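When you get a sec, could you build the whole thing from the sequences and use the hints?
Protein chains in written order, with numbering that gives the first Met the number 0: chain A, 0 to 447; chain B, 0 to 447; chain C, 0 to 447.
There could be a bad hint or two in this list.
Unchecked claim - Residues of chain B clear of chain C, computed beta-carbon distances all greater than 12 Å:
no. : residue
1   : Asp3
2   : Asp35
3   : Arg39
4   : Ala51
5   : Val61
6   : Asp74
7   : Thr227
8   : Arg243
9   : Pro293
10  : Gly295
11  : Asp297
12  : Leu362
13  : Ala433
Claimed, not checked - Facing chain C, from chain B, some residues (calculated, C-beta under 10 Å):
no. : residue
14  : Ser230
15  : Asp290
16  : Ser303
Since the hints were derived computationally from the structure, they do not count as laboratory data. Keep in mind the model is a prediction, meaning the values are calculated, not measured. We put the CB at the ideal spot given by N, CA and C, even for glycine.
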Amino acid sequence: MLLDALQREADSQEAALVACALIERMYPICRSITGDGVRRTLDLVEEQVPLARTEVASGTPVFDWVIPREWNVRDAYIADACGRRLVDFHAHNLHLVNYSSPVDRTMSLAELEPHLHSLPDRPDWIPYRTTYYRENWGFCLRHRDREALGSGPFRVVVDSTLEPGSLTFAESVVEGSTAGEAIVYTHTCHPSLANDNLTGIAVAAALAGALRAERPRLTWRFVFGPGTIGSLSWLARNEQRLPRLRAGLTIGLLGDAGPLRYKRSRRGDTVTDRAAAQLLAAAPFGALLTDFEPYGYDERQFCSPGFDLPVGRITRSPNGGYPEYHTSADDLSLVRPESLAESIRALARMIAALDANRRVLNLSPKGEPRLGKRGLYGSVGGAGPGEFEHALLWVLSLADGSHDLLAMAARSGLSIDLLDRAAAALEQAGLARALGDSPADGGEETRQ
Amino acid sequence: MLLDALQREADSQEAALVACALIERMYPICRSITGDGVRRTLDLVEEQVPLARTEVASGTPVFDWVIPREWNVRDAYIADACGRRLVDFHAHNLHLVNYSSPVDRTMSLAELEPHLHSLPDRPDWIPYRTTYYRENWGFCLRHRDREALGSGPFRVVVDSTLEPGSLTFAESVVEGSTAGEAIVYTHTCHPSLANDNLTGIAVAAALAGALRAERPRLTWRFVFGPGTIGSLSWLARNEQRLPRLRAGLTIGLLGDAGPLRYKRSRRGDTVTDRAAAQLLAAAPFGALLTDFEPYGYDERQFCSPGFDLPVGRITRSPNGGYPEYHTSADDLSLVRPESLAESIRALARMIAALDANRRVLNLSPKGEPRLGKRGLYGSVGGAGPGEFEHALLWVLSLADGSHDLLAMAARSGLSIDLLDRAAAALEQAGLARALGDSPADGGEETRQ
Amino acid sequence: MLLDALQREADSQEAALVACALIERMYPICRSITGDGVRRTLDLVEEQVPLARTEVASGTPVFDWVIPREWNVRDAYIADACGRRLVDFHAHNLHLVNYSSPVDRTMSLAELEPHLHSLPDRPDWIPYRTTYYRENWGFCLRHRDREALGSGPFRVVVDSTLEPGSLTFAESVVEGSTAGEAIVYTHTCHPSLANDNLTGIAVAAALAGALRAERPRLTWRFVFGPGTIGSLSWLARNEQRLPRLRAGLTIGLLGDAGPLRYKRSRRGDTVTDRAAAQLLAAAPFGALLTDFEPYGYDERQFCSPGFDLPVGRITRSPNGGYPEYHTSADDLSLVRPESLAESIRALARMIAALDANRRVLNLSPKGEPRLGKRGLYGSVGGAGPGEFEHALLWVLSLADGSHDLLAMAARSGLSIDLLDRAAAALEQAGLARALGDSPADGGEETRQ
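This is the structure:
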């Protein structure tokens, strides 16, 4: 199957180190749902894998939404009467509420207060806040610093621009040999937060890079875009492609110490869900499987009822699931190379299985065909069949057009790798034919 | 939701006391499947809620049945040679086998014996026996008294009439705002038996009375009629109405000390069954849920395969489930006000949920709609959503026309009250539309 | 129901003794997938039940297969230089690899070695090996004897014929009163192996013999044929019959000390599977139920995806499931009369239930029909119904055309015997009608 190397300890560890180096370089950049920070981040990714970029102009309608004006920041701070910067965007880009509109005024503490955000319980951490869709401004600061602000007056400067521009997303596409497609989506809109989601970007780059060296059955599309409005923009521009989408994953938060976690698609029994049940729940990954809920990352959009796609989510600790989440403590120290490496192995395994997965049609379905005369079966009878012969019999038995390899694995207890080899041997011998790759076979997802 | 007050401790206790008073007044009346006893009982109910009565003439065919002649009793007794009444209808109306035909004869003990019914194991209780559909007569008596009858001869008098007349049932109807309907059926045919089923009559009157002050979505029909032939008569006259029947309950035996018990409809997964699973099984009711079986009360008729309606049953101890069942010991002392109050709370909760339940269609199903610009969502992002925002997301996610609110509650773990409020807010905002209220939406029950 | 006597201890034990006697007479014969050994075996069976034989000529195509040349053996041995027979077919027919082609040569040990089969772990047992579909020859011997063979040279003689002829299978058919059919298939191709499968042959003969004295609803077809190519031949000649096949079993290995074991059909929920779940899993049989897998006996062919028939398998220890399997130790001593008797009882029970099973249509489905006026129900009401009345209500409730008696048994908890009597009474009273017996009712298997 695909990505054999990345499924192994050594190669995945090496890939994790490369990912760590990329994460370090991306970390200082101020990203948002639009703006040059995203473009500079994609420049760094492009050093590893080719990207096709899309710019969607401000004002473009996207379903119920509209692409907002583009946001860029030159400077932002709160200074005291002496001009001393008490809160400084250049010290940490989380200090500025993301998408703050321009301000340049002197104001009292009372006037400033409603625009300040801090965490009394975590006085040393800066929270992460955004105001994408309502014009406003604000500053996030350590609660300890907030208590020492003094009584003002304060000079408050947000030297940002909110101007017609565009939203940027990028794709790294690996063409497949059939009409089927698959997607891996990772969000790119978070500023200096490491686990959420520079790990997702770096792991997606690693997988896309490795897959380019192979010849998958499905066309795999690794998409780097902002949360919500980015996936909506991709969906709006790819609606005609969706009927061919066989599987998908949103990924992110892949470097922390928590266990792997798979969140099911809305339908709960899609091919992606069944792959996770087969491949991730058991050893060596022992991933937690959780039901769909309509809060989280971009799976919310892919699984909205108007699309209802076979898209699950792989993270380690999920949104809201670790104390450092959405604070300045989600920094480079939170990202563990061994966690990244395991995440890469798990994703490589999922991609390989989803790509190999297919429905197969037994072309000699009345009785068992003679495997012996085709060299597929030992010719002296009386003793039981070996593991591979067993897999041949299972594939023949279930190759009725309604079972895919994952369904065969679930029913037989055999691994998808073994069933893939057996199916390939039967296809080679003319005893079976892969389905689902031509429009005539019906493109829709196999359901059990 | 509807019937908020009756779902609370205080109001339900007050309603239970009113019900107890009604039960006391109904208790002495000799009821049967026809006759003036039923009419006098309905007079008492009508002091609390308006009723529309239907008289179905003797001889009218009702499916496989025919409305029998009407039965009324002036007097009935067994007297000894001295004229002393040994068994006297006026002492307890259970003494006479219900629907006994007229007799006036002197006979030996041997001749009398086959017409006597007693309970050797419960020598102080009078059993309840009927002979509706085979012309016969008989007396029920305490076994202790039977042993002291003496050797006769006996004067046996049943001064009853079996004459062309009619069967009586009555409805208290609360009109709803949609085309959907629901039914609550309680049987009225038992003579001096308190728990079975004066409690059902009194509780139905309490619920119907309270519901009249509200504006339900469904038209609720509280039907007071005799067992079997009464529900069959209602069904025969309302066949055109059945496709609009969204939910239903037969109720009775609601005052004893046993726990609440819900018996599923024949299909086992109707909206009524799902409501019971959501609302009655857990605290505070802790009701027992049992599968359908074709013995019991009028759910037998509603769930017969030619109708197969979404009608479950709520009782406390069921038929045959307590020693006093169908004997003179099922008297006023068996009815506990606190049991009645809890039964009222449970039924009010079921009625409210069944009435609120609806399928909802997301009118902006491609991606999530912008809740913020409609005032439905906090505008500063970065922190997780609150309980109500969560409910909005769940409703939007599952509002695909195949999930009703009960299905959403089962899947999300949120209460139907919260989901009802969220759905109403989305309907108000033009983001969703309630289904199932017009013929174009399809009137049939939602199945999961 | 059918086969009452054989379901009882005494009659089944008597039948087991008759079966044992037949097994003893069949044991010495050298059988294979073709040849006179099969015909002589069928001669012995025919002493107990009439058989219709079919001869399928060598060269006939059967799906992906072709009927091979017929194989018969006069003599076969390995002799030393002095002419002393070291391995002798006449001592045990397992010594010759089944379907060995003719040889008459003197050869060295080195040349002989690749043609020898023995079991180092079981040095006193002769293994059973075949080479039906690749021309070859070989000898099977005790490993102890193999080690004492000496260094040769050896005279090796296989005086066999592989010539155009035919494959033989036979059927004992008991005609039913409806268009439905059922099959019991047992393989006949094993030489001197007792449990596998002379027990299957003898038990099939016992059941066929007993059933001839009765009048079943289904036409029961007991088929005696070789493994794989035999069932394929039967299927090829009976394709038009398959849509009428309501149930089926492959049987064999019925005499060892292991517990009864039912292997589900490929679909897993066919009528045969549901009968086994109802009748075999519980006391007194306590049979193990196992899922279908595509290895085993002729159920492989009946359940291949092009047929996918409702055919399960009943054995005691399955193929490969006991140490003596496919060796000379599977001899007469392995067959226990008490095991055979229990197998006969279990099969008689399955046959009776499968034959009685039917879908029933309630002809008075709106409300309950009046059972009392038809003499089916006690006429004095007030007390609960008895067991038979309960069964009447269950049948009426579920007689919607989608439940068969087995489904009613599963749902009601009542025995299929009781439900069969209730259904018969309702059919008799004109309240219900059996379905599935005419083409207009649809011949396909009822699924729940």
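Now for the hints, and whether the structure bears them out:
no., hint, result
1, Asp3, "holds (37 Å)"
2, Asp35, "holds (21 Å)"
3, Arg39, "holds (22 Å)"
4, Ala51, "holds (22 Å)"
5, Val61, "violated (8 Å)"
6, Asp74, "holds (22 Å)"
7, Thr227, "violated (7 Å)"
8, Arg243, "holds (18 Å)"
9, Pro293, "violated (4 Å)"
10, Gly295, "violated (10 Å)"
11, Asp297, "violated (10 Å)"
12, Leu362, "holds (37 Å)"
13, Ala433, "holds (32 Å)"
14, Ser230, "holds (8 Å)"
15, Asp290, "holds (8 Å)"
16, Ser303, "holds (5 Å)"
The earlier numbered hints that this structure contradicts are 5, 7, 9, 10 and 11.
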